[in-house]
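Colleague: Sequence:
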Amino acid sequence: MAKGHSLRQSMCVVELDADDVYEVEAALDNFKELELDGDEVNPDNFRLPSLHARLDLAAKSVHRSGGLAVIRGLDPAKYSVEDNTIMFLGISSYIGNQRGIQNPKGLVLSHVTELKSWTTPRERRHGIHTNRELPFHTDMGCSILAMHVRSRASSGGELCLVSSEAIHKDLQETDPEILTTLQTADWPVQVAGQRPPYVLAPLWQEHAGRLVVALDPARIGPHPAARAGLVPELRPAQLDALAAVQKLARQHQLRVASCTGDMVYLNNWSLLHGRDVYDDDALSARHVVRLWLHNTQLGWQVPPQMQAAWDAAFGFRALKVLNRYYPVAPLPQYMEPKYSNGTAAFVVDDDDESNDWSAAGGGLAPKVSPAARQEGEGPVL
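Mapped onto this note's numbering, the consecutive letters of the sequence shown carry residue numbers 170 to 550.
Keep in mind that the hints were calculated from the coordinates and are not lab data.
Hints are not guaranteed to be accurate.
[Stated by the list, open to error] 35 Å max Cα-Cα, derived DSBU-like pairs, lysine-lysine:
| no. | residue 1 | residue 2 |
| --- | --- | --- |
| 1 | Lys489 | Lys229 |
| 2 | Lys201 | Lys274 |
| 3 | Lys201 | Lys338 |
| 4 | Lys416 | Lys201 |
| 5 | Lys416 | Lys229 |
| 6 | Lys285 | Lys274 |
| 7 | Lys285 | Lys229 |
| 8 | Lys338 | Lys285 |
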């Protein structure tokens with residue numbers, strides 16, 4: 170059987186026909202008439218009476234089946250950036266009714282892209298703002314990773330997925346010692362806003378009858394640019410375990426051939442994701458918009474030892490953030506961060522002189538906010 174076969178077979182794809190598109194557009198028009206902020210989008214004010222049942226099935230597929238669902242059939246070129254954002258938020262609210270913040274300033278929506286107008290060298294940008302390959306990881310603190318494909322690269326840039334179950338089974342058979350290392354609660358995971366700025370946690374854990382994974386190589390151990398001694402160095406056995414995960418992920422990966430307009434939802438506790446290197450030409454610019462979601466009815470239980478990152482996005486720490494921002498477009502000029510990072514999931518907090526860390530973000534609000542003007546993010550609704 171081909172690697173990634175079972176994941177491909179279990180993928181839920183909801184194809185929107187003309188009637189479905191009309192229903193989404195009607196929901197969009199109704200929401201705009203209410204003159205609400207983007208943070209208020211939910212199934213009650215973005216009503217999809219006919220689509221609702223199929224979106225419920227997609228949500229169940231994300232949580233109970235293969236962990237992957239795709240909503241396909243909307244053409245982003247037909248709509249403004251504001252309307253695209255509202256439709257993404259509205260449809261996504263049926264998959265996960267809570268939206269997490271992706272940094273301490275309350276950014277909810279991120280732009281994964283590389284603009285031609287940016288002059289900052291790639292090595293001084295965050296990984297999500299380059300065309301480089303991204304290693305396999307999870308967005309630590311996120312239950313459902315949601316991505317809206319606004320435009321594709323001229324070549325490359327495919328989303329790569331792997332089931333943690335496939336890696337787990339392989340390690341059980343070939344190298345159980347590495348599996349033990351991954352399951353031991355002695356991995357230093359960077360956490361913002363506390364002292365010391367890390368927690369010790371497992372990366373791999375069986376909890377409530379499920380295999381749960383929270384693994385981002387760039388968030389584990391000390392950040393290269395941070396002051397020495399704040400976060401423990403990784404042991405050789407831990408470095409070997411991370412390398413083994415990357416190797417097996419490449420062996421078992423499924424490349425998802427996304428279409429422009431796709432809304433992709435994946436279970437961030439069960440699937441690791443990466444990205445191929447890509448190239449844009451004069452007419453193309455790969456652009457993916459990202460949300461972090463949680464479904465309060467279907468969502469998996471968060472293991473206590475993996476709770477810190479989740480609390481920052483959805484829990485008590487997130488609730489302390491009063492303003493939430495949804496930039497609808499990236500800034501034409503890139504604002505160089507103090508620190509850069511290699512994955513899509515986590516970046517250093519540029520405003521914290523104490524070398525704490527925070528998650529990358531991007532957003533919808535009535536006006537442009539200074540808090541949203543960072544890490545390449547632009548105007549907000």
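Colleague: Has the given pair, Lys338 with Lys285, been kept, meaning a C-alpha gap of at most 35 Å?
Modeller: violated, 43 Å
Colleague: Lys201 and Lys338 were given as a pair; does the straight-line alpha-carbon distance stay at or below 35 Å?
Modeller: violated, 49 Å
Colleague: Check whether the Cα positions of Lys416 and Lys201 lie no farther apart than 35 Å.
Modeller: Given that 35 Å is the threshold and the Cα spacing comes to 47 Å, the pair is violated.
Colleague: For a C-alpha distance cap of 35 Å, please report whether Lys285 and Lys229 respect it.
Modeller: violated, 39 Å
Colleague: Please verify whether Lys201 and Lys274 have alpha carbons no more than 35 Å apart.
Modeller: holds, 26 Å
Colleague: Within a Cα-Cα threshold of 35 Å, do Lys285 and Lys274 meet the stated pairing?
Modeller: Status holds; Cα separation ~27 Å.
Colleague: CA of Lys489 to CA of Lys229, is that 35 Å or under?
Modeller: Holds: Lys489 and Lys229 sit about 30 Å apart, inside 35 Å.
Colleague: Please work out if Lys416 and Lys229 have their alpha carbons no farther apart than 35 Å.
Modeller: Holds: Lys416 and Lys229 sit about 30 Å apart, inside 35 Å.
Violated hints, in rising order: 3, 4, 7 and 8; the structure is consistent with all others.
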